[in-house]
Amino acid sequence: MNIIDLRNLNKTYNKGGAEIKALIDINLGIKREEFVAIMGPSGSGKTTLLNMIGLLDTPDSGKYLLDNREITNKTGQDTLASLRRDKIGFVFQSYNLLPKATALDNVIMPAIYSGLSDRTKIAKDLLKQVGLEKRINHLPNQLSGGEKQRVAIARALINSPQILLADEPTGNLDTKSGQEIMKIFTDLNKNKGLTIVMITHEPDIAKYAQRTIRMKDGKII
Amino acid sequence: MKNRFVGLNTIFMIIFESIKLALKSIWAHKIRSFLTMLGIIIGISSVVILVSIGEGVKNDVRKLVGDLGSNMIFVIGGDLGIGSNASTSQSQGGIKSAFGNPANLIANNIFTIDDINAIEKVSGVRNVTPVSVISGLISYGDKTTSPIISSAKPSIQDILTGVKLDKGRYFTDQEETDHKSVIIIGDTVRSTLFGDVDPIGKKIKISSQKKDYEFEIIGTFAKPTTSTSFSGDYNTFTLIPYSTGKILFNDNKDNIMRIGIRAEDNTDPKVVSKAIANDLLTRHKKEEFTVMSQDDMLGMLDTVMNMLTAFVSAIAAISLVVGGVGIMNIMLVSVTERTREIGIRKAVGATNGAILLQFLIEAVFVSIVGGIISLGLVRIATEIIEHYTELSPAITSSSIIISMGVCIGIGIIFGLAPAIQASRKDPIEALRYE
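Just so you know, the protein sequences line up as chains A and B, in that order.
Position one of the first sequence corresponds to residue 1 (our numbering), numbered consecutively onward.
Position one of the second sequence corresponds to residue 1001 (our numbering), numbered consecutively onward.
If you're looking for bench data, these hints aren't it; they were derived computationally from the structure.
Given the structure is predicted, the values throughout are model-derived calculations rather than measurements.
All C-beta atoms, glycine included, are put in the ideal place defined by N, C-alpha and C.
Careful, some of the hints might be misleading.
Pair ranges (Cβ atoms, derived) [said to hold, decoys possible]:
1) A:GLN142 to B:ILE1380: 35 to 45 Å
2) A:LYS100 to B:GLY1353: 17 to 27 Å
3) A:LYS207 to B:ILE1420: 43 to 53 Å
4) B:GLY1405 to A:ASN10: 35 to 45 Å
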């Protein structure tokens, strides 16, 4: 049973009059509780694919079934937002934490939109799980890169998503911090049953995934 | 269904978080926020200060007029376009006609003793007195003062019920008939001329342009029970018999400036003043007089204050629009600065509506904080005014509520465009924004 099911997906961008075919005829199924890595050179369409899976973008043509729910370019903005909120957690290469909010407030933030009532307690538990219980009141600029990424992971988990999407989560980290992040990912996948889709450049990181998908020029090869 | 329940709770949460964020961001950019609020602060505080002063003046006059006596009616020369004789066109124009034809205001001593006698017969009238004003100095020993010296018949004590005697007595009908040189002096006159000495029975001099006359003090007026900014005038009020004034100071002519009237207790003073106006019109060919009951006097004040308030409000409205544009400008800057934040929030599931609400609340809060600062300034300003002038400004709850309402309105109107811009940002583009 695929939680993510992409069929004949196409996406074209218009940039200054030039048409860029970002995704061409993508067919991809990802099973529940699978850990998939996407690899490929810059401009191969990895991030577009991840944005599509994460509902930040919609396909021009083709079909996307997320947990059996069909997503098209006609799906409303609010529906996409609430599906993102309830089903998907994002982890970015550049962390994307709110610079003026503490680690705790950053983790709590998505829960405001889901109306989670015991969000402070859950956020503290999550920060403890990623080993940051002593840093909850620190601002992002007081944290190391690895710590920032762990805050971002805790933030991605607060609304108990089924899918974790990561765009080069270790790209800005040293090897040791990168491995720590991967340990957390593996644990979430094995013990919490999270489906993980991760873009990476590094074969050492892709090793942690059960399957690696390679992309080139908008196609899966 | 789950989403529905979450909905309301979520909106409250977003509002609460947005307020927190708004206050944080106002605090983080103190000077910028203050400059943004300046237009609002100037607009709101100027109107509220003026309204408070106006309210204070109204309270004072209300007390004073109330002190004078509730069934009192006065007829004065000149058509002020108010009161019972005001024709429809004039009453719509309020006091405009007084400004329109200044000659009306100078037409003073137009009343005759016939008017007095006729008014006495108007139904509902209990007492009437002519009132003249005598220009002269009062001196005792080497001390001199220049109060308002009025002359009236003894019935004035039934008309000006608010003016009480402190010591002594009013003059009698006999003294009026015999045009005796007796005088009742106001509190300021008493303290200026006599200090702590009991003035009753003392002889003072009234000096007119031609001659000096000696008067015996038979009474003193008490200070008004309520202290107002108009107490000064009230305290110099000094009274002599009408006939004495006529013979000594007016070459034995009736020189009636005002007519004081006391309506019967069970009548409506407005009805009585209407009847008096109609009666006067039979002898005066045009409306060269104004009949004023207590309500009319207060009404006149209201008209003046309302005009002033409207005028300042118009100026303040400009300031508020400028303030609003300032808020819009800063919010647009803030939306651009926080593009990435908007992207992050959208990525984790914020709907367009949630983003719109957040930025709208922020704009409203900048405006509300401006309003609160204004009210603080108003509070300080009224204290200063109260301390250094005789005015006692009164901040009414309605002016607080209205000004806060205006602030919220401005925040919404001028915050809407930036908030819409924020809510429509594409999450992918926003996340890429550096």
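A quick look at each hint next to the structure:
no.: 1; hint: A:GLN142 to B:ILE1380: 35 to 45 Å; verdict: holds, 40 Å
no.: 2; hint: A:LYS100 to B:GLY1353: 17 to 27 Å; verdict: holds, 23 Å
no.: 3; hint: A:LYS207 to B:ILE1420: 43 to 53 Å; verdict: holds, 47 Å
no.: 4; hint: B:GLY1405 to A:ASN10: 35 to 45 Å; verdict: violated, 53 Å
Hint compliance for this structure: hint 4 is the single one not met.
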